[in-house]
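Heads up: the sequence lines are chains X and G, in that order. For the first sequence, our numbering gives the first residue as 22, with consecutive numbering after it. For the second sequence, our numbering gives the first residue as 253, with consecutive numbering after it.
Simulated from the structure, these hints should not be mistaken for lab results. A portion of the hints provided could be inaccurate.
Straight-line C-alpha distance at most 25 Å; calculated SDA-like pairs for lysine to any residue [claimed, not checked]:
no., chain 1, residue 1, chain 2, residue 2
1, X, Lys-198, G, Ser-430
2, X, Lys-198, X, Arg-214
3, X, Lys-198, G, Tyr-356
In silico negatives: residues of chain G with every beta carbon more than 10 Å from chain X [claimed, not checked]:
no., residue
4, Asp-325
5, Trp-388
6, Glu-390
7, Val-391
8, Gln-393
9, Pro-491
Don't be surprised by glycine CBs; every beta carbon is placed ideally from N, CA and C.
One letter stands for each residue in the lines below.
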Amino acid sequence: MKLRLLKEFIIEKLIFLSGIASILFVILIFTFLLKEGISFFKEIGLKDFIGGKYWYPISEPERFGILPLILGSLLVTLGAIIIAVPLSIACAFYISEVVQGKAKDILKSGIEMLAAIPSVVLGFIGIVTLVPWMKKVLNLPTGLTALSGSIMLGLMAMPTIISISEDAINAVPKAYKEGALALGATRWQAMYRVVIYAALPGIIAASMLGIGRVIGETMAVMMLSGNAAVIPSTLLEPVRTLTATIAAEMGEAVHGGLHYYSLFAIGIILFVITFMINVIADIFLHRNKK
Amino acid sequence: MVTQTASKIIVKQLSIWFGKVQALKELSLQIHSSEILSVIGPANSGKTSFLRQLNRLNELEANFRVSGEVLLDGEDIQKLSPEILRKNVGMIFALPQVLPMSIYDNVSYGPRMHGIKNRGVLDGIVEESLEASFLWDEVKQRLKESATKLSGGQQQRLCISRTLALRPEVILFDEPCSGLDPVSTAKVEESMLKLKENYTIILVTNNTKQAARVGDRSAFFLMGELIEFDKTQKIFTAPADKRTEEYILGKFG
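Chain G extracted, bound-state conformation (with noise of 0.2 Å):
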């Protein structure tokens, strides 16, 4: 039985393999419902590639081999046809990837791929998504006009809402605001604590000061390996580990 407390992602033993070079080495954790859990680490320390696996990007490389399970809400995702599986587990990318189309074909781009072909339907997601990452009154006017113009933030945002119009159940971020200046940062930010309501959230980032602003809980990788995962704020005063108190103060990374 799912209950409001059990976990909304189970990883077991998850090693991952680019060629010869192992990228994760037996990895567990367990991800709450509702919670941003945020992913911290140097370079080549797995993070992304964690990521890519909970919805299976990274078996688009060619020489790519796991190892271990992924649960999601109990059920092993190798199991699910990768489509399902990317409309459950959004993924927001480091650059903006807004298709070059239109703001509206942006957004309503994933429910029409599923199906969903009924105008007013389309419309209700399209105006439901974009408020959902406060991007609704900047661009309400301007629907019909190429996403291409927009702002990189706008666009991080417009991406955001592009997710949220398939309905998702957890939404991976991957140093969503490496790109961005501080004050579109905040926005994302914004709608990322809002979102975590009705969401399980996983956020990359190199950035700690945002780990430790909207972060639950929080996991330092290093060298493919879990170092440490505690809640956000134990990380960041009291980290148990020193390797972790080394990053988290600069020291390395």
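Pulled out of the complex, with its shape left as it was, chain X reads as follows (with noise of 0.2 Å):
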């Protein structure tokens, strides 16, 4: 008798420990993240950080401007949220809806493939395929632009919107698509008035956990946007973003330099952006759930 409380006391307190753990790893990470940048704020103002038109951390005197650099993580997140979510949830809908039998299983198991391919080699293809593809048919100096990272890292955020809105759309009660086609609605009618809105918390969480998934995205955006900060104009000239950055950029500053610790607060602004967007979608889930 004696062991058996023991033993349910050690398993509750382990699961508790696991559960913890993970919020626990999270305030290190943001501690550890704020110990290392915040010297770089107390040296050059965070107004002049963030709204800092010129990215120069090596020259003369050095200037740690990031507002191309945020410019340039959102051109790109933008260009492929708007390239990824309308073809995700088109497709999530003909796998759910529309493709039936064999060709339906093909087709998930595919799409979830797609999702385990290191950015690395989505990276290289592109830049082996598109990126002249691109300077030949637009005519551009160089192939090396926001759009060919927006086009890439759309197609990396594809499989996870898809396959989550796929799933959402599937927990569609059959009664509701029934209950509409009973009162004479087409098929695409009962689609669009009734389905997509029941779904939709689901895939409005789909579609920010794809957008998470693009702005933390490095290699392949390091790849083929071109890296040069310097404020975009349009989504043709090459770009670097916040993550390109951090990863070109930490090998070669001066260990316990102010550069290094630079690229530390531009992670903290980073950790701040992909928050944010949590908090977002979770207020927009709750919302919806009401």
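From these two lone chains plus the hints, build me the complex, please.
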């Protein structure tokens, strides 16, 4: 009897520990980032950092303005969302509502396989196919542009958005659809007036997860978007994202120098952005549940 | 010519298969205008398959096959578009299927889908339909609230209003009271009896007492076959077939 109670106690505490660990890790990561980045903010004000138009971390005098990087990240992300979200939702509907039988299984597992391709491989494929093609077709000085990055990132986000949206659409009670059809709805009317509506919270969550993946993605975007830290005016110019900056410069920054700390500061900004996306997604989900 | 006594629906030699299983075997019967036909029978007797054939919901299943004919006002339903057919032949399901939107939108959903946009006309249809199912007084103050907040019985009557809003000719009820308490059941039955004046109603039910209460004529299905089809009073007092009697008395099913 006592042994059983002891076992119960241990298991309970273990589960509690695993639960608390995930929260603890997030807090630890954030404090580490903050500790490394905070000394930078003491040197250069937050306003100059975020609002500054020039990123010349190793010239003399150094300039640490990350506005071009933030805009680069936003532009590439926005492009990727515009490409990926409508396509993914349409694809999810096709898989769950239109195609049947074996083709459905093949499509489903194929899309899940897509998610497993390493981003560096996708970046590589982009460099040898997409980039020269863009240069030729759009007659640009270089194919390494924000648009190239957006297209590739969009492709990368699609499997996540498709498979989660598809689950959400499948979870819509069959009764809703039959109810709509029994009222004389066409298949399409039943789909866009009832099924989409009922699956909306799931579709939004899926899109947010996709966006999260896009904004945090580093490798492919670094290979494809040209890495010029200037404020972009169109999608057809090279841009540099926050993530690519950290990845490209961490290796060469002098340990303990201002440049080194500035990269941590970028990390904080990135963390805040993704945190905000999550919060917005959460608010949306809860509002829809009511 | 369609006259008062003519049959609204004529079913000829109707057989239905799902894969290798035959759900309905060469069924023939006629349904009059302005009557309630109640269909009774144990599980797997083909009642629901029969009902779902009348508005062609069966064809949503992948491995479905059909032979025979169903005529609505003398016209083969397979030749109509399913959307038009389902507008004229409304259906109420076993579990109330309110759509996740407001009460008003639930009722106006059908008419809007079929192209009615005028707000005044829609308002009229909503009020009229809700009144016909005895729901108007209970919900008129809160038409904008979510329909999912209504009680089960209210939801079912909302579904009836939603179907009525399309001004159908035939209404199919698929065990409409199986999830309802006795008071709500009585209300639904009351509205059915009222609706019968203007509509042809086919009621599939597992509740033989309900069939006896509201049906003008009754059909007894067993294993996909029509065993007996007669005036409700006759079926429940002096059935011709022994199996009908046994089912009604509760010996099986």
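Evaluated hints:
A threshold of 25 Å between alpha carbons decides the hint, and for X:Lys-198 with G:Ser-430 the separation of about 21 Å falls inside it, so the pair holds. Of the pairs offered as hints, the one joining X:Lys-198 and X:Arg-214 holds, with about 10 Å between alpha carbons and a cut-off of 25 Å not exceeded. Taking the CA atoms of X:Lys-198 and G:Tyr-356, the gap is near 19 Å; set against the 25 Å cutoff, the hint holds. No beta-carbon of chain X comes within 10 Å of the beta-carbon of G:Asp-325; the shortest separation is about 17 Å.
Residue placement check: G:Trp-388 keeps its beta carbon more than 10 Å from all beta carbons of chain X (closest about 20 Å). G:Glu-390, annotated as away from the interface, keeps every beta carbon of chain X farther than 10 Å; the closest lies near 21 Å. Every CB of chain X lies more than 10 Å from the CB of G:Val-391, the least distance being 19 Å, so the non-interface label holds. Even its closest Cβ contact with chain X, about 20 Å, leaves G:Gln-393 beyond 10 Å, as expected for a residue assigned away from the interface.
Remark: the non-interface label on G:Pro-491 is consistent with the geometry, its nearest Cβ contact in chain X lying 32 Å away (cut-off 10 Å).
When each numbered hint is compared with the structure, no violation occurs for any of them.
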